[in-house]
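Generate coordinates for the entire structure from the input sequences, incorporating the hints supplied.
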Amino acid sequence: MTRRQVIANAVAALLLAAALAGFCTLVLGSLDRPVDWSRAWAYRESLWRGWTMTLGISVAALMGSVVFGLAFLMGQRSRLPVVRWACRGFLEFVRDTPLLVHLLFGYFVIFAPLLSRPLAGFGWDDKMLIGIVLLSLFAGAYLGEILRGGVESIPATQWDAARAVGFSPLQVYRYVIFPQALRRVLPAIAGLFVSLIKDSSLLNVIGVSEYFYNTKNFISRSYAGLEGYLPLAFGYLVLTLPVAWLAHWLERRFRDET
Amino acid sequence: MKLDLQNVTKCYGDTRALNGLSLHIPEARVLVLIGPSGGGKSTLLRVLGGLEIPDEGTVALNGHPLTTEPRDLQVYRRRNGFVFQQFNLFPHLNARKNITLPLEKVHGHSPEAAHALADQSLARFGLLDHAAKLPSQLSGGQQQRVGIARAIAFSPEVLFLDEPTSALDPEMTAEVLELIQELAEAGQDIILSTHEMGFARAVADQVAFIADGRVAESGPPQTLFNTPKSPDCQRFLSRVMRY
Numbered sequence: 001m002t003r004r005q006v007i008a009n010a011v012a013a014l015l016l017a018a019a020l021a022g023f024c025t026l027v028l029g030s031l032d033r034p035v036d037w038s039r040a041w042a043y044r045e046s047l048w049r050g051w052t053m054t055l056g057i058s059v060a061a062l063m064g065s066v067v068f069g070l071a072f073l074m075g076q077r078s079r080l081p082v083v084r085w086a087c088r089g090f091l092e093f094v095r096d097t098p099l100l101v102h103l104l105f106g107y108f109v110i111f112a113p114l115l116s117r118p119l120a121g122f123g124w125d126d127k128m129l130i131g132i133v134l135l136s137l138f139a140g141a142y143l144g145e146i147l148r149g150g151v152e153s154i155p156a157t158q159w160d161a162a163r164a165v166g167f168s169p170l171q172v173y174r175y176v177i178f179p180q181a182l183r184r185v186l187p188a189i190a191g192l193f194v195s196l197i198k199d200s201s202l203l204n205v206i207g208v209s210e211y212f213y214n215t216k217n218f219i220s221r222s223y224a225g226l227e228g229y230l231p232l233a234f235g236y237l238v239l240t241l242p243v244a245w246l247a248h249w250l251e252r253r254f255r256d257e258t
Numbered sequence: 001m002k003l004d005l006q007n008v009t010k011c012y013g014d015t016r017a018l019n020g021l022s023l024h025i026p027e028a029r030v031l032v033l034i035g036p037s038g039g040g041k042s043t044l045l046r047v048l049g050g051l052e053i054p055d056e057g058t059v060a061l062n063g064h065p066l067t068t069e070p071r072d073l074q075v076y077r078r079r080n081g082f083v084f085q086q087f088n089l090f091p092h093l094n095a096r097k098n099i100t101l102p103l104e105k106v107h108g109h110s111p112e113a114a115h116a117l118a119d120q121s122l123a124r125f126g127l128l129d130h131a132a133k134l135p136s137q138l139s140g141g142q143q144q145r146v147g148i149a150r151a152i153a154f155s156p157e158v159l160f161l162d163e164p165t166s167a168l169d170p171e172m173t174a175e176v177l178e179l180i181q182e183l184a185e186a187g188q189d190i191i192l193s194t195h196e197m198g199f200a201r202a203v204a205d206q207v208a209f210i211a212d213g214r215v216a217e218s219g220p221p222q223t224l225f226n227t228p229k230s231p232d233c234q235r236f237l238s239r240v241m242r243y
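Which chain is which? The protein sequence lines are B and G, in order.
When you line the first sequence up against our numbering, it's residues 1 to 258, in that order.
When you line the second sequence up against our numbering, it's residues 1 to 243, in that order.
Derived by calculation from the structure, the hints in this document are not laboratory data.
Computed from a predicted model, the values in this text were never measured in an experiment.
Heads up, the beta-carbon is just placed ideally off N, CA and C, and yes, glycines get one too.
Simulated DEER-style distance windows between Cβ atoms:
hint : chain 1 : residue 1 : chain 2 : residue 2 : range
1    : B       : Val-83    : G       : Asp-119   : 43 to 49 angstroms
2    : B       : Pro-155   : G       : Gly-63    : 31 to 37 angstroms
3    : B       : Met-63    : G       : Pro-70    : 28 to 34 angstroms
4    : G       : Ala-123   : B       : Glu-251   : 34 to 40 angstroms
5    : G       : Asp-72    : B       : Pro-81    : 22 to 28 angstroms
6    : G       : Gly-187   : B       : Phe-254   : 39 to 45 angstroms
7    : B       : Asp-96    : G       : Arg-71    : 37 to 43 angstroms
8    : G       : Ala-174   : B       : Arg-3     : 54 to 60 angstroms
Printed below as a string of structure tokens:
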């Protein structure tokens, strides 16, 4: 940076800090009552339970979405046109309709009447399980498209070379295509997984007692404001930031390699 | 090596890349395919290498007819080596890993044995110092030599090379051609296509001239280069030998 840029940078930093401070003062000053963290503390157990539930749902839906994503990838690359069209149609539907609709429709109209009773019979949380499946399907649809794009971006010569050395079709994917395709689509996948974690908050509409649901209850019962929303945002950041960082780190590592 | 092709046809869309091609080679160590670009050399090599299934006709290598069953074709590919014009190394793996991965996963060698075999063939081609480099860190000539090392590491029955020097400058071309000649002298059965006529004459014991998806003429290099019979071959040779 030139000397002039250094000065401009320092001035910009000062102005931004002042603007943020002014905004915070304005917001905090307009609160009708003092911030009282003891209220959040009183609900700590419920909030913690909600947070661990969100963590569990995210991890499960992440794995589920990989399974569905791979299935959709294979479906779209099937040699049978009917399978390809069916896959395409389903993916198009899932990607062009809101997740909220999938959750409400999928739970109340499709899965709850079919599965709630048997799942409850096993003593399982039917809302959570069905929610995970619906979330996995939604993210899986996007993942399937991302993976398809990645796989199709690998030049035909690589498929030739992989077949020429004698790899089986599965080995071609496993050792040659996927390692290269994944590098290319890693940023997109990381973005998808971050979205998936955040979207798990929508499961509150079918009554899954995850982090958002429990925080919402806490806020409405204790008339909390800041004490509820700040930990809420922070709780999701704790989950999403490591995913984003991991993706950046992997991306850098791959870039250095090639 | 013995080769027998009867009426082989292969179409890509409306293009007949091979158009009823027949070729009978009773005995050869090195068969070289020459001819104009787009004449069908590459397609023929891809069929011979088991990468492409012909639409019609039969192919027999060393008396064994080539199958159209994908699983059997995979077994066939495992027995033979294939080298590409554009090298086609796996860009995410270093030179050694490019060789060891098929040895381990296809031929069932232990990692130690694969490592030893890979280093042996890398050393043979003077590439041991580059074993840990990625393809992008190697010159074209080095990449192609790794490609050849990968194809011969498991002692293939036949080594197929599709214009192995077309993407290389003259100096690198020389280093790769020397290597192929060395392999031929060591007794490796080879079928290759090339535009290097001097090399074809020196290394081949059978040459086939391919144009318009057929074999226009074939025979020992002295005969074919000195007294070509077909007008197409005469025209082609007079053109490429002019400069």
